[in-house]
Amino acid sequence: MQFEPRILSFLCNWCCYAAADSAGVARFSYPPNNRVIRIMCTGRMDPQFVVEAFYVRADGVFVGG
Amino acid sequence: MGECHYQSGNYEALVMAETVRRILDTVGINRERFTIDWASAAEGPRFVKLLTEFTEKIKTMGPLGEAEGLDWETLKFRLEAARNLCKNMQFRAQYGNLAKEIKKLGDYSPENISQAIEKKLVPQIRKRIFEAELKELIAQGPQAVEVLREKTGATEEEIGAILETLKKKEKK
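So the sequence lines, in the order shown, correspond to chains H and D. Under this note's numbering, think of the first position of the first sequence as 1, with each following residue one higher. Under this note's numbering, think of the first position of the second sequence as 1001, with each following residue one higher.
If you are wondering where the hints come from, they were derived from the structure by calculation, not from laboratory data. Where a beta carbon is used, it is the ideal one built from N, C-alpha and C, also for glycine. One thing to keep in mind: the hints can contain errors.
[Claimed, not checked] Ranges between beta-carbon positions, derived for each pair: (1) L1166(D) with F3(H): 38 to 46 angstroms; (2) K1169(D) with D21(H): 49 to 57 angstroms; (3) V36(H) with S1008(D): 19 to 27 angstroms; (4) E1146(D) with V25(H): 53 to 61 angstroms; (5) V36(H) with K1167(D): 47 to 55 angstroms; (6) L1163(D) with N13(H): 45 to 53 angstroms; (7) R1092(D) with V36(H): 23 to 31 angstroms.
[Unchecked claim] Derived list of chain H stretches under chain D, where covered just means 3 residues or more per stretch with a C-beta under 8 angstroms from a C-beta of chain D: (8) 11–18; (9) 30–37; (10) 54–62.
Can you build the whole structure from these sequences, using the hints too?
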């Protein structure tokens, strides 16, 4: 069986989250491995969020602003 | 960059990103597992590209810990120390002050951020994480230096220095 990574992504409400939305509307396809958490700004990110993500066994963390 | 809805939000995220990379280095997780990138609201295709590339990279890397050559138990043990570090108020204040300082000077070049963190934060990160780990290990009974090194990923000198300070504290 192929390894399917678990990726946690933190997306900025105004940038990447909207981009992800528009990509969906335009019917682009992208890997289904990521789980999205919407944040109001990448400046809200805290090192703790990322450490916590790895602690619950995420294989990768993507921050998009 | 600089197009942020909140003016400087994504610049401030850069300081966070570098801090995270240093923590991951200390814990022994490949820093490539964490990425930060930019795509504006109009750049759907770019977002798709970024995410696809990142997913591919993680896929080739394999599951967390496996690529790093660490079993989950060790990794969990280290991540727990890292978690406590992130919750530690003293460390958070230091991190906040550094972020403020960088903001005041307004130099968000990667070199500058990396240098400032290397100087001010990395010693703290390593010391605090290793100290917490060592305390935990020693509480379980006497340990060989080899075991300590394997479990924490610290160098022998670092372990020596921390044990020394722990001893001093005990005497008091």
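Coverage criterion applied to the stretch 54–62 of chain H (partner chain D; beta-carbon cut 8 angstroms; 3 residues): With 8 residues in contact (Cβ-Cβ under 8 angstroms with chain D), the coverage given for the stretch 54–62 of chain H holds.
Beta-carbon spacing of L1163(D) to N13(H) - inside the hinted bounds 45 to 53 angstroms or not: holds (47 angstroms)
Coverage of the stretch 30–37 of chain H by chain D (three or more Cβ within 8 angstroms): holds (count 4)
Distance restraint hint 19 to 27 angstroms, applied to the beta-carbon atoms of V36(H) and S1008(D): holds (24 angstroms)
Outcome, coverage of the stretch 11–18 of chain H by chain D - at least 3 residues whose beta-carbon is closer than 8 angstroms to one in that chain: n = 6 at 8 angstroms, threshold three: holds.
C-beta pair R1092(D), V36(H): status relative to the range 23 to 31 angstroms that was hinted: Taking Cβ atoms as reference, R1092(D) and V36(H) lie about 26 angstroms apart, which means the hint holds.
Hint check for V25(H) and E1146(D) - Cβ pair distance inside 53 to 61 angstroms: holds (57 angstroms)
C-beta pair L1166(D), F3(H): status relative to the range 38 to 46 angstroms that was hinted: holds (41 angstroms)
Satisfaction of the hinted span 49 to 57 angstroms by the C-beta atoms belonging to K1169(D) and D21(H): Distance hint for K1169(D), D21(H) holds at roughly 53 angstroms.
Supplied distance hint 47 to 55 angstroms, evaluated on CB atoms of V36(H) and K1167(D): With a Cβ separation near 48 angstroms, V36(H) and K1167(D) satisfy 47 to 55 angstroms, so the hint holds.
Checked against the numbered hints listed earlier, the structure breaks none of them; every hint is satisfied.
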